[in-house]
Amino acid sequence: MQGFNKVVLSYDEALDGLTNNMTIMVGGFGLCGIPEGLIGKIKCMGVRELTCISNNAGVDGFGLGILLEEQQIKKMIASYVGENSLFEKQLLSGELAVELTPQGTLAEKMRAGGAGIPAFFTPSGYGTPIAKGKETREYNGKMHVLEEALTADFSLVKAWKADTMGNLVFRKTAMNFNPMAATAGRITVVEVEEIVRAGELDPNHIHTPGIYVNRVIKGSFEKRIEKLTVTK
Amino acid sequence: MQGFNKVVLSYDEALDGLTNNMTIMVGGFGLCGIPEGLIGKIKCMGVRELTCISNNAGVDGFGLGILLEEQQIKKMIASYVGENSLFEKQLLSGELAVELTPQGTLAEKMRAGGAGIPAFFTPSGYGTPIAKGKETREYNGKMHVLEEALTADFSLVKAWKADTMGNLVFRKTAMNFNPMAATAGRITVVEVEEIVRAGELDPNHIHTPGIYVNRVIKGSFEKRIEKLTVTK
Amino acid sequence: MALTREQLAQRVAQELCDGYYVNLGIGIPTLVANHVPEGMEVMLQSENGLLGMGEFPTEENIDPDLINAGKQTVTAVTGASYFSSADSFTMIRGGHVDLTVLGAFEVDQNGSIASWMIPGKLVKGMGGAMDLVASAKNIVVTMTHANKKGESKLLRKCTLPLTGAACIKKIVSDLAYIEIHDRKFHLIERAPGVSVDEIVLKTEGELIVPENVPEMVF
Amino acid sequence: MALTREQLAQRVAQELCDGYYVNLGIGIPTLVANHVPEGMEVMLQSENGLLGMGEFPTEENIDPDLINAGKQTVTAVTGASYFSSADSFTMIRGGHVDLTVLGAFEVDQNGSIASWMIPGKLVKGMGGAMDLVASAKNIVVTMTHANKKGESKLLRKCTLPLTGAACIKKIVSDLAYIEIHDRKFHLIERAPGVSVDEIVLKTEGELIVPENVPEMVF
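First to last, the protein sequences are chains A, B, C and D.
Here the first sequence is numbered in our numbering, starting from 1 and rising by one per residue.
Here the second sequence is numbered in our numbering, starting from 1 and rising by one per residue.
Here the third sequence is numbered in our numbering, starting from 1 and rising by one per residue.
Here the fourth sequence is numbered in our numbering, starting from 1 and rising by one per residue.
I should point out that these hints are in silico values taken from the structure, not numbers from a laboratory.
Errors might be hidden in some of the hints.
To be verified - Capping the alpha-carbon separation at 27 Å, the derived lysine-lysine pairs in DSSO-like fashion look like this: (1) C:Lys-124 <-> B:Lys-134; (2) D:Lys-184 <-> A:Lys-142; (3) A:Lys-223 <-> A:Lys-74; (4) C:Lys-149 <-> C:Lys-184; (5) B:Lys-134 <-> C:Lys-121; (6) A:Lys-132 <-> B:Lys-134; (7) A:Lys-89 <-> D:Lys-121; (8) D:Lys-157 <-> A:Lys-132; (9) D:Lys-121 <-> A:Lys-134; (10) C:Lys-169 <-> B:Lys-142; (11) A:Lys-134 <-> D:Lys-157; (12) A:Lys-75 <-> D:Lys-121.
A quick note: this is a predicted structure, and the numbers were derived from the prediction, not measured.
This is chain A alone, in the form it adopts within the complex (with noise of 0.2 Å):
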C-alpha cells in the first residue's frame, strides 16, 4: 500500500501518462518559480500539440521557451509573452495560436478552475478586445466581463519544499501562479528543492495541502535569473 506517499523517483514516472493534445498548466513568473525539469522531460518526451497555460512563455532557450524551439506548443493561454523573439516568429507564421488574458484575470481562472467555480465576473478587459463576444454585466455601477475557469490534465508546479505527503510550502516570489496551477490539474506533478519527512512542515504554514498533488519529485534548479538589477 502506498498510502500518501506522493515522491516518485524519476521524471519518467512524474510525467508518466502525459499524452499528444493534453492541456498543461505551468507555474512560474517569467523564470521565477518553473519546474525546469518537469519542462526538460517533457522536451525529451517529444509529446505535441500541446495546449499550453501559463503567464509567460520561457526565453529563447530557457523555460518554456525550449519546447516553443521544439515547435511542442499549439497554443498558448498567457499574459504576457514579450520576452521570446521565436514566439513571436512562431504566432506571426501562424504555428502557434495565442490566447492573452489579463494577468489577475488568469489567476482567477486558474483559481476556479480549482475551486469548482466555472465561471465569474471581473471588471478586468471590459471596453478591451478582451471583453470581445463575452457576455457582460454591470454590478455595483459598473461594468464586468463573465470570464470562464480553467483546468487542465497535467499541472506542472515548482514549490521550494514537500513533504512526503505533498504537503507544499513556497518560497518568495516563486510561489507566484503555483498554488492555483497546483489545484487545476486532473494531475498534479510538483518538482521541489527539497523533500521532507512528513509532519516537518508546519502544519499551521502549508500553502498547498497535499489533497491537491499527486507527485511530488526533487529537481536540481538552475535558477536564471532574467533581469539581473543591483544596487551599486
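Take the given structure of chain A and dock chains B, C and D to it, following the hints.
Same frame as chain A, but now just chains B, C and D:
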C-alpha cells in the same frame, strides 16, 4: 505621521465609526476564532439594526449570542444557526431576519467581496430552496447558481498574532472565515492574542497581509469550548 | 437484523480506499473513522479548515483553537494542514475530496437528497451539506431505511426541501446497500438476516431487485 | 521646459500619502519610489506576489526567487509579505491598493487608456495592466504629452486597442498635470516654463483651461 502602524489601544478607537444600520462581517466558526472583545464592545456601544454576516450566530450568552440578547441584530446571514435558542425565538417572532447560505458559498461570497469579483457560479444549492429566484446555468454538464459577493462596513476579525503593520497569522482551525472577512470590510478591525514588531512574522508565512487591515487591538480571550470531547 | 450504528459505519468503511481523502458528516458518518481497515491510510477533511483530523484529544491536549465541523475538540495527525473556509471549500467544491459520507432525512430515486430542513420545525441551516453534495465525486448516504413510524426514506420524490438535486449514487441503510442509477434504486446487498421482502416493503421508490441479493460481509 | 523622467517621477510622488499601498508600473513609474517625501512611508505592491518591495539587491543579496513584476531582482522591506498571484490580484481587483501609477500610449477625454498593444507591431501581452486600470481607486498615468512626431497622446478618443475604458482621472505628462472629469481634460498645472499655448497645441482632446494655471512646484 502614523505610517503603517495599525495598533489601537482602546476598543473605542477600534470600533470608532460603527453606527446603527451598518453591516458587520464577523470571523469565526462556532465559538472558535471569534473576536470576543469586539463583540463585547458592540454590546456596550448599543448600536442597533445591524446586519451581521457570520457563519454562526454564537450561543446563548456568548459570541454573537450576546448581540441577539440585546436585539441589536436585525438580519443574520449565516450557514448554521442551530446552537442558539434565543435566535430561534427571535426568528419565529419575526424580530430577526435570516438569510441561510451554504457554508462554501458563504466563504466564497466573502472572498469574492474582498477580491473585486461581484458574482460567480457555484454548483452548491442548485435545485434547492437556496437557488430560488437566482440565475442558473449549465457548465460542464452540470447546473450552477449565480451568487453575488458580500462586503461589509466593518469586518471584525480574530487572529493569533499581528505585527504592528497589520500582517496577520491565524492559529489552527481558528482561522476559518477570518481571512476572507479581513479582505471584505470597508474597515477591518482585528483582535489578536499578541502584537509583535514588524519583521517578526516570517514574510513567507503571513496569512493576511496588512493591506487589508485598518486597526489592530490586543484582546484577551476566554475561548469557550462549544463541545468538549475527549479520548478517555 | 437491521444494522446497528457501528455496523452501518463498518459497511460504509468498506467504500474506503488506501490514500483517500474523506469528509465525514456528523452522526453515524463520524463513526466510520473507527473502522478504517488495517494497513489502509485515509485522511479526514473537516470543512472548517483541517485536512488530517485525528482522534478526540486527551484532557491535556484540549485546544479550543482545534475543532471539527461538528464543533467538537479534536486533534491533527502527522501531515495535517490548516486553511481558511474558502480554501476548504475549494477542496470540496473542486472535487478533490475522494469520498463524502453523510446522513439524510430522505433520498429519492433521482438521487436527490433532503437532509437539512423540516418545515414547521426550526431551521438550523445547511452548514456545508449543500456544497458537499453538489460537488463530491463519490458520496455515500447512510441512514435508517425507514423513519420511526416505519415510513420509507427512499422515495420516488423527496417531500422535504432538497439539500441537492440528482447527486446521490450510493446508500448504506440499516437494511441494505443500494445504488442509484437510471432514476431507480438498485438493491445490491442486504443486511445479514434481513429479507428482500422487508427491503421492498420499506422502499417507496422504484427498486430493482436482482435474482440474487447477497448479504453484507463484515 | 518639458519635465525630465526624474521630474515626472517627482511630480507623481506628490500624489503619495503617508501609509499608502502603491503599485508602480514599469518605466518612469518605477522611478517614483526614489522620490517618496521624507518622513512619509509607503509600501510598494508588486503584482507577482510581493507587498513591501525594497531596492535592488547588492551583489551578495541577489535571490532568483525574489523578483518584481518587471522580472528584476529586488529585495523586501521589513513587514513585507509574499503571496500567490491570485491573492495579489485580490488586493488589486478588490480596490485595496491606494495608488496605481502606470504609463500609456494614449489617454482620451473619457478616461480610456491604451497602453498594451500597437496593431501591426508584435503583441507582447497586457500582463497585469488591465486588472490594475479596471480596479484601482486612484490611478495616475505618466507619459509624454506627445509622441516623437509631435502628435498628441491626449485624445478625443483612443485610436489603439484599449487597456481599460473610462478609468483614468489623473495624468502627469512632461508638460502638465491634467485631471479628467465630465468627459473633458482639465488643465491643473503646467511644467515650469511651459506655456499654456504649447499644452493646448499638443492636446487633441477637449481641454478646459482655467484663467490661472500655476506652475508645478517641486
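Quick rundown of the hints versus the structure:
no., hint, in the structure
1, C:Lys-124 <-> B:Lys-134, "22 Å, holds"
2, D:Lys-184 <-> A:Lys-142, "20 Å, holds"
3, A:Lys-223 <-> A:Lys-74, "26 Å, holds"
4, C:Lys-149 <-> C:Lys-184, "24 Å, holds"
5, B:Lys-134 <-> C:Lys-121, "25 Å, holds"
6, A:Lys-132 <-> B:Lys-134, "26 Å, holds"
7, A:Lys-89 <-> D:Lys-121, "12 Å, holds"
8, D:Lys-157 <-> A:Lys-132, "19 Å, holds"
9, D:Lys-121 <-> A:Lys-134, "25 Å, holds"
10, C:Lys-169 <-> B:Lys-142, "16 Å, holds"
11, A:Lys-134 <-> D:Lys-157, "23 Å, holds"
12, A:Lys-75 <-> D:Lys-121, "20 Å, holds"
In summary, this structure violates none of the numbered hints.
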